[in-house]
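*Asks:* Sequence:
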Amino acid sequence: MSELESKAKELLYEPAYAGDKDAAVRQAAAEFGEGYKNFLNEGKTEREVAEYSARVLEEAGYRKFDDRKAYAAGDKIYLIHEGKAVLCATIGSRPMEDGFRLVIAHSDCPRLDLRPNPLYEAGHFSYLKTHYYGGVRKYQWVTMPLAIHGVFYRADGTTVAVRVGEDAGDPVFCITDLLPHLGQEQNERPLKDGIKGEELNVLIGSEAVDDEKIKEKVKLNTMLLLNEKYGITEKDFVRAEIEVVPAFKAQDVGFDRSMVGGYGHDDRVDGYAGLRAEIETKNPAYTTVCVLADKEEIGSEGVTGMNSAYTFDFLRQLCAGQKADVIRAFHNSFCLSADVTAAYDPTWASAFEPKNGTYAGRGVAIFKYTGSRGKSGASDASAEQVGRLTCMMDKADIAWQVGEMGRIDLGGGGTVAKYVAQQGIPVVDIGVPVISMHSPFEVIHKIDLYMAYRTFCTFFSEGL
Numbered sequence: 109m110s111e112l113e114s115k116a117k118e119l120l121y122e123p124a125y126a127g128d129k130d131a132a133v134r135q136a137a138a139e140f141g142e143g144y145k146n147f148l149n150e151g152k153t154e155r156e157v158a159e160y161s162a163r164v165l166e167e168a169g170y171r172k173f174d175d176r177k178a179y180a181a182g183d184k185i186y187l188i189h190e191g192k193a194v195l196c197a198t199i200g201s202r203p204m205e206d207g208f209r210l211v212i213a214h215s216d217c218p219r220l221d222l223r224p225n226p227l228y229e230a231g232h233f234s235y236l237k238t239h240y241y242g243g244v245r246k247y248q249w250v251t252m253p254l255a256i257h258g259v260f261y262r263a264d265g266t267t268v269a270v271r272v273g274e275d276a277g278d279p280v281f282c283i284t285d286l287l288p289h290l291g292q293e294q295n296e297r298p299l300k301d302g303i304k305g306e307e308l309n310v311l312i313g314s315e316a317v318d319d320e321k322i323k324e325k326v327k328l329n330t331m332l333l334l335n336e337k338y339g340i341t342e343k344d345f346v347r348a349e350i351e352v353v354p355a356f357k358a359q360d361v362g363f364d365r366s367m368v369g370g371y372g373h374d375d376r377v378d379g380y381a382g383l384r385a386e387i388e389t390k391n392p393a394y395t396t397v398c399v400l401a402d403k404e405e406i407g408s409e410g411v412t413g414m415n416s417a418y419t420f421d422f423l424r425q426l427c428a429g430q431k432a433d434v435i436r437a438f439h440n441s442f443c444l445s446a447d448v449t450a451a452y453d454p455t456w457a458s459a460f461e462p463k464n465g466t467y468a469g470r471g472v473a474i475f476k477y478t479g480s481r482g483k484s485g486a487s488d489a490s491a492e493q494v495g496r497l498t499c500m501m502d503k504a505d506i507a508w509q510v511g512e513m514g515r516i517d518l519g520g521g522g523t524v525a526k527y528v529a530q531q532g533i534p535v536v537d538i539g540v541p542v543i544s545m546h547s548p549f550e551v552i553h554k555i556d557l558y559m560a561y562r563t564f565c566t567f568f569s570e571g572l
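Each residue of the sequence shown is one higher than the one before, starting from 109 at the first, in the working numbering.
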């Protein structure tokens with residue numbers, strides 16, 4: 109090697125594909141991906157993610173949080189907030205005033221929600237009207253099998269769960285589209301209007317009751333079936349939370365099985381990695397906290413979003429148990445805002461700036477800032493924060509990369525980081541790159557998922 113070649117190796121930075129030269133890493137990532145696929149299949153809504161989390165946390169020895177109790181080092185506790193958000197923690201050996209180590213992801217995903225009065229009949233079919241949730245490209249949701257998940261709150265005060273379209277033998281549902289032969293006028297629409305919001309109507313039945321006196325025979329037949337199975341009336345749709353999601357399962361992608369395709373990578377891929385890392389944390393120095401928040405896709409609003417106080421109230425109550433100063437604890441904390449970013453896609457290369465893109469297979473991605481255009485809506489991490497994180501990852505031989513979401517003035521996106529920063533807690537954005545983000549079938553690389561998990565494990569155990 110020449111002197112200049114040696115200097116180039118020493119001074120220049122060239123990110124590499126993490127699994128290309130290490131069979132052991134590929135194997136570990138593949139094994140970790142099996143549990144992740146099961147998680148995606150079991151948790152297609154934020155409520156289901158919360159139920160899954162509560163179950164595995166209980167199995168791992170976590171106990172429900174009691175805000176009147178003082179906890180000791182090594183205690184493992186969890187809280188399900190409003191049935192949708194998950195908070196879990198392992199109490200550290202150092203005082204709370206030395207700060208928390210937080211990983212915060214979100215479990216809500218783009219989807220279709222039922223409208224308050226969704227059921228109607230037209231053309232001898234029964235349908236459900238929907239209202240899309242989050243950044244949905246509406247044309248992607250038609251002519252595919254759909255499942256219906258959620259809960260009804262009935263008039264007698266009881267709640268009944270609905271999950272149809274997932275099990276063998278279940279019916280599925282769909283949104284119809286025009287055939288090409290009659291699509292000339294539709295073809296003239298801009299892509300964003302190829303399917304309009306009012307056209308996202310889910311086909312759910314066609315059989316009618318046999319009574320000429322009934323005006324809406326198909327609608328009544330559908331309602332009779334729902335009443336028989338769930339004990340509901342049409343009025344109960346008003347007090348329901350029903351989500352329409354893709355009916356297919358998460359699967360390996362590629363002949364080499366190096367990727368996972370499925371619904372909900374944004375942001376359950378980081379949520380799963382954070383949850384597993386928290387469960388596996390033993391005797392940490394700093395108190396570790398993993399949060400799976402709700403409502404990120406619509407601005408983190410509402411009582412279960414990160415713009416609510418529940419996460420920080422949980423931390424305050426932990427501090428109260430030790431009579432610790434909350435302000436000092438927050439200022440000494442460190443948070444990883446764990447959310448996905450867009451992976452560079454060669455088919456759509458013009459949307460990216462290649463040198464500052466993030467790539468599937470190069471490891472977990474750090475974003476010093478998010479936001480749009482002039483970093484609007486971003487939490488711009490300092491050099492010290494990024495430095496501490498990357499030095500920790502280098503020491504642990506974790507594959508990482510750094511970049512932005514696409515070209516500067518093309519668009520952008522945000523995370524929950526700004527709500528953490530508002531509390532005076534230093535925070536860095538980090539997460540798994542995703543291909544076809546926000547579509548019903550997103551794709552991630554198993555290596556990136558595994559490196560996110562290793563990052564969170566190291567962060568919790570070493571404290572940063």
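Honestly, I wouldn't trust all of these hints.
[Stated by the list, open to error] Derived EDC-like pairs (lysine to aspartate or glutamate); straight-line CA-CA distance at most 20 Å:
| no. | residue 1 | residue 2 |
| --- | --- | --- |
| 1 | LYS237 | ASP128 |
| 2 | LYS246 | ASP221 |
| 3 | LYS304 | ASP421 |
| 4 | LYS431 | ASP421 |
[Stated by the list, open to error] Derived CB-CB ranges, DEER-like:
| no. | residue 1 | residue 2 | range |
| --- | --- | --- | --- |
| 5 | LYS357 | LYS300 | 28 to 34 Å |
| 6 | ASP301 | HIS439 | 44 to 50 Å |
| 7 | ARG176 | LYS463 | 21 to 27 Å |
| 8 | GLU570 | LYS177 | 39 to 45 Å |
Source of the hints: derived by calculation from the structure; they are not laboratory data.
From the three backbone atoms N, C-alpha and C, an ideal C-beta is built for every residue, glycine too.
*Asks:* Quick one: which hint numbers does this structure break? Sort them smallest to largest.
*Replies:* Violated: hints 1, 3, 7, 8.
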